[in-house]
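Q: Required output: the full structure, derived from the provided sequences and hints.
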Amino acid sequence: MAEIKAAEVSQKKKSVLNNTAILFLILVAMFGIFSYIGRPWFFSRLNIIPMINNLSFIGIVAAVLTMVMISGEIDFSVGGNIGLTACLTAVLLERGLPGWLVVIIALAAGAAMGAFNGMLVTVIGVNSIMATIGTMFIWRGIGYTLTNGESMLAMNPVIDFIGRGFIFKVIPFPIVLLVIIFVLTYVIMNHSKWGRRIYAIGANPLASYLSGINVKRVKFIGFLLCGITASLGGLILTSLSAVGMPQHGQGLELVIVSSIILGGTVLGGGKGQILGTLAGVLILSILYNFLTIMNVYYFYIQIVQGSVLIIVVSTYEIGQAMKRRRM
Amino acid sequence: MSENNGVVLRMENITKTFPGVVALDNVSIDLNKGEVLGILGENGAGKSTLIKILAGNYIKDSGDIFVDGQKFEIRGPAEAVASGIRVIYQELNTLNNLTVAENIFIGEQIVKGPFRVVDWKTMIKRAFELLDTLNVKLDPNAIMGDLTISEKQIVEIAKAISKEAKILVMDEPTAALSEEETQSLFKIIRTLKSKGVSIIYISHRLKEIFEITDRVTVLRDGKKVGILKTEDTDENKLVEMMVGRDIKDMYPKREVKIGDIVMKVQNLKAEGFNDISFRLKKGEILGIFGLLGSGRTSLVKALFGANKIKSGEIFVNGKKLHVKSPSIARDEKIGLVPLDRKTEGLALMMGVKENITLANIKDLGKSFLIAKANERKKANKWIEEIGIRTPSVDQEVNSLSGGNQQKVVLAKWLESGSQIIILNEPTRGIDVGAKIEIYKLMQDLCERGSSVIMISSELPEIMSIADRIIVMSKGRFTDEYARKEASEEKLLHSACL
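Residue numbers (the numbering used here), protein chains in the order written: chain G, 1 to 327; chain W, 328 to 824.
No wet-lab data here; the hints were simulated from the structure. Don't take each hint at face value.
Here are the computed lysine-lysine pairs in the DSS-like style, where the Cα-Cα straight-line distance is at most 27 Å [stated by the list, open to error]:
no. : chain 1 : residue 1 : chain 2 : residue 2
1   : W       : Lys647    : G       : Lys193
2   : G       : Lys193    : W       : Lys646
3   : G       : Lys216    : W       : Lys651
4   : G       : Lys216    : W       : Lys817
5   : G       : Lys216    : W       : Lys584
6   : G       : Lys271    : W       : Lys705
7   : W       : Lys635    : G       : Lys216
8   : G       : Lys193    : W       : Lys705
9   : W       : Lys651    : W       : Lys609
10  : W       : Lys767    : W       : Lys584
11  : G       : Lys193    : G       : Lys271
12  : W       : Lys660    : W       : Lys704
13  : G       : Lys216    : W       : Lys669
14  : W       : Lys479    : W       : Lys564
15  : G       : Lys193    : W       : Lys660
16  : W       : Lys360    : W       : Lys522
17  : W       : Lys767    : W       : Lys609
18  : W       : Lys534    : W       : Lys817
19  : G       : Lys193    : W       : Lys522
20  : G       : Lys216    : W       : Lys596
Please read these numbers as outputs of a predicted model, since none were measured by experiment.
A: Now the structure itself:
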């Protein structure tokens, strides 16, 4: 009986003090404080809407990349993918292709990029860090080649709508996309058989394989989806800026991976939460936005962002060490 | 009587809980100067926890520790070492590309001169002296990686006594040693003992307990069952104390009706073995015996689709199988309980229920979603049916004992409906009580009409439990015995052919 009781207590503790909940509490506190200090600019429609638009494409990519990371892999090529997608979109629009077709081609290109990564990792067996750092350069290089290194105007009713349109005249379309992707990935990771396989593979790929799970296929599909969502992110960014340029999304892979890790996903896989990623994206984006509107020098912002990441990850490590200690 | 020399160590009412388990419940031990105290218990009885508290790796919840009569709070490994406590773990922590002398003095190299350069000459001389006090001939300049496990262990002991050691703890020191090596280890223990070092000796092997210890403490389920003078007890009594019940039969064997052939393997060849043929019947336990390197693990991996088959055929119920992957084997109702459950069998950071359903995720719900209530029900069913001791279905399997972890692996294949279950060393590293339960479970499976292939290197086990035994040596089939005709000599002879 004593055993059972101890377990119940520890489980209650776990649910109250779960990391994701703490992150959301921090988020709410941050939002409150920033609204107060940054009044009246921070909490105004003029700031909030663009801020959410900007974090939408980061969040969309981060949600799916979280799945890849929980499976024990990583994709650093998402930033390059965004750059390539932006350029491709602009070039195709210039050729006069209809907007809907451009969107389909862009997403197909994203799928191809993701499939290529997935093939490198699952068929050839390249470590995903190396494989996707490699393709990160390749995608961006192709982007430069497509536009000759220049920025190109990318305006078209369909493309415009993706980043700047409104549903029911009030809800920005990128937010709708963000919500859809997060709901989907949340359901997949927390309630679906496929999500269970992803967690299992991250926790122990060998045991998963020896339990009849097709490890390679699950990982491949993860990369494939990651490629598609990265190009969706690229479309949103192109639309928001109305230009396609190869520098789009530069450095974004690190911001995205940072957000995911901030949200509690572990490098190496097996542990992580979609909602944690959402919190991580929101925290980093809101912080960035706040510091920007407070006119903090950009160099300092980078220092703050880096520090936040290190502080949070250190906190996780200390928490883990304390837990081990108690064991 | 060595007891008169005074108490060096007293651990009083030590309690330690982990989430879900009371690992130690008010355990007290005392250790006299120059004494060898055996600690005996099944896996999960709390032996390792007690040692880890003594070594400063775990912090006790309550209780007191006295060293030389002084109350002593051990907060970390460094403090344990400072008070003369040394632990030699089962997994040796040696640096294999350094020399023996370097390993002995690692972290406290003898230095000389203003620039604190390493004084090789003195260090090698000291190492030689140390090894000499243990009465062993070992070259201090030898590279650690070239030594045998028992020699490495001796170096660890030398390292432990290089600074003054009052209390030496040895955790299953003979697990990897041959009989001869065990005897030389015992010689060293006696030498140390005569020098006044107190030794805590942890082992599963009863014979050794009688040979080397002065007193023995028996732990069970985190509680101290008793402490006895070794000379006043006998093997049966200790086993009873350990397991908490009368073990009349360590290997319960039931006669199960054996039916038709379910699996036929013909001239199978893959990496690690060659030309293996056998038949497996319904309700039968087929034993595969062989020494390390005989190809037995390669064979079962091939049967399970995890080792590429080069030639030969496998038929199950008359149907030819192409087991190209474990998922195909799983779909054909073949299950594998692998050699190393922690790396091959379980997702340790996941819960009991996730592990039980791991091989059958597709049946977790009608749509693409998991019906979570249904999953709990399935997990609970197996927990009850095969007696997995866990506080809940959500418990991380990492925190379960070895025997219960093994049952979770088995439950995984029961849940996926396996008809042929292959177990590779099913009782490795699990305690006596859990072993018996596993034997019973294997026979339960046979009674339900499944068939079992059991690989084992434990002779008494395979001779008692398997209905038929095939022996492999160097990747080849050498002999086959029915249970009644098998003997240790015959099996060992065939395994060395």
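Q: So, for every hint listed, does it hold in this structure?
A: Now for the hints, and whether the structure bears them out:
1. W:Lys647 - G:Lys193: violated, 30 Å
2. G:Lys193 - W:Lys646: violated, 30 Å
3. G:Lys216 - W:Lys651: holds, 14 Å
4. G:Lys216 - W:Lys817: violated, 45 Å
5. G:Lys216 - W:Lys584: Violated, at about 42 Å.
6. G:Lys271 - W:Lys705: holds, 24 Å
7. W:Lys635 - G:Lys216: Cα-Cα ~17 Å, so holds.
8. G:Lys193 - W:Lys705: Status holds; Cα separation ~15 Å.
9. W:Lys651 - W:Lys609: At roughly 24 Å apart (the allowed maximum being 27 Å), W:Lys609 and W:Lys651 satisfy the hint.
10. W:Lys767 - W:Lys584: OK: W:Lys767 and W:Lys584 at ~15 Å, within 27 Å.
11. G:Lys193 - G:Lys271: Holds, because 16 Å separates the two Cα atoms, which is no more than 27 Å.
12. W:Lys660 - W:Lys704: OK: W:Lys660 and W:Lys704 at ~22 Å, within 27 Å.
13. G:Lys216 - W:Lys669: Between G:Lys216 and W:Lys669 the Cα gap is close to 21 Å, so the pair holds against 27 Å.
14. W:Lys479 - W:Lys564: Distance ~34 Å between W:Lys479 and W:Lys564 Cα, so the pair is violated.
15. G:Lys193 - W:Lys660: holds, 20 Å
16. W:Lys360 - W:Lys522: holds, 10 Å
17. W:Lys767 - W:Lys609: Holds. W:Lys767 to W:Lys609 sits at ~17 Å (cutoff 27 Å).
18. W:Lys534 - W:Lys817: holds, 24 Å
19. G:Lys193 - W:Lys522: Status violated; Cα separation ~63 Å.
20. G:Lys216 - W:Lys596: holds, 26 Å
When each numbered hint is compared with the structure, violations occur for hints 1, 2, 4, 5, 14, 19.
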